[in-house]
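Kindly generate the complete structure, drawing on both the sequences and the hints.
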Amino acid sequence: MEYVSTRGIAPKVQFDAALLAGLAPDGGLYLPVSWPTISADFADMPFAEAAAVILEPFVTPWLDRKALLGMTTKAFSSFSHKDVAPLRQIDDEDWLLELFHGPTLAFKDVAMQLLGVFFDHALSQTGKRATVIGATSGDTGGAAIEAFKGRDQADVFILHPKGRVSDVQRLMMTTVEDRNVHNIAIEGTFDDCQRIVKTLFADRAFADRVGLTGVNSINWARVLAQVVYY
Numbered sequence: 001m002e003y004v005s006t007r008g009i010a011p012k013v014q015f016d017a018a019l020l021a022g023l024a025p026d027g028g029l030y031l032p033v034s035w036p037t038i039s040a041d042f043a044d045m046p047f048a049e050a051a052a053v054i055l056e057p058f059v060t061p062w063l064d065r066k067a068l069l070g071m072t073t074k075a076f077s078s079f080s081h082k083d084v085a086p087l088r089q090i091d092d093e094d095w096l097l098e099l100f101h102g103p104t105l106a107f108k109d110v111a112m113q114l115l116g117v118f119f120d121h122a123l124s125q126t127g128k129r130a131t132v133i134g135a136t137s138g139d140t141g142g143a144a145i146e147a148f149k150g151r152d153q154a155d156v157f158i159l160h161p162k163g164r165v166s167d168v169q170r171l172m173m174t175t176v177e178d179r180n181v182h183n184i185a186i187e188g189t190f191d192d193c194q195r196i197v198k199t200l201f202a203d204r205a206f207a208d209r210v211g212l213t214g215v216n217s218i219n220w221a222r223v224l225a226q227v228v229y230y
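Just so we're aligned: the sequence shown equals residues 1 to 230 in our numbering.
No lab work stands behind these hints: they were computed from the structure. Hints should not be assumed to be uniformly reliable.
Label pairs and their computed distance ranges (CB to CB) [as the list claims (entries may be wrong)]:
#, residue 1, residue 2, range
1, Asp192, Gly70, 37 to 43 Å
2, Asp203, Pro46, 40 to 46 Å
3, Lys162, Arg65, 21 to 27 Å
4, Gln125, Leu87, 33 to 39 Å
5, Arg204, Glu93, 47 to 53 Å
6, Thr37, Gly150, 23 to 29 Å
7, Ser217, Arg179, 23 to 29 Å
8, Asp203, Gln125, 22 to 28 Å
9, Asp83, Leu31, 26 to 32 Å
10, Asp208, Gln14, 14 to 20 Å
11, Thr175, Phe206, 38 to 44 Å
12, Asp208, Arg179, 19 to 25 Å
13, Asp192, Arg88, 35 to 41 Å
14, Leu31, Asp191, 36 to 42 Å
Glycine is no exception: its CB is placed at the ideal position from the N, C-alpha and C atoms.
If you want it as structure tokens, here you go:
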């Protein structure tokens, strides 16, 4: 699958390039050039297998089904429930999708755990190091840090507004001792954190020099990974 920038200036890229870039060099968002039709046969598969079926059209030729299944299985092995995101019936016509079985109890674990595995594979192929940056009002930061801590070829920097996250969220971000994890409290709001992230991406020379990439929803891979549970 090829990806094109929403601003129409940057050249088309494959999935792994879009993953590592985060934003397109022209400042646009990467989106797939076409939308595949996926058979509903995956409906009764285990979550990791269903994820591989759904994601496959978007990641080929970078990954084949076998390699992708290995990655989804590895990513979701960190979840406390065997079904990853179980659907529980609570009334005759009411169902509850449980998205709190990941390592930080946030729904964002579904995407972040997979992103961590994807980044490991992509960076091992390039031999490069990535600087992963994100802004958070709470859940995203903890999930991103949990997913990227200890990874050999990535440093993660998470910005959060000082005094504007819960104590639990703050502790999840500030008590991880891995050397590749950096949490920065910003005097201001979440929007101020986002503004800093966008400014860093806008400096293309800097972004290229440090291998800057993002894990907020500006990164198509983050959005794609969350599609699975829908």
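Violated hints, by number in ascending order, as checked against the structure:
Hints 3, 6, 11, 14 contradicted; others consistent.
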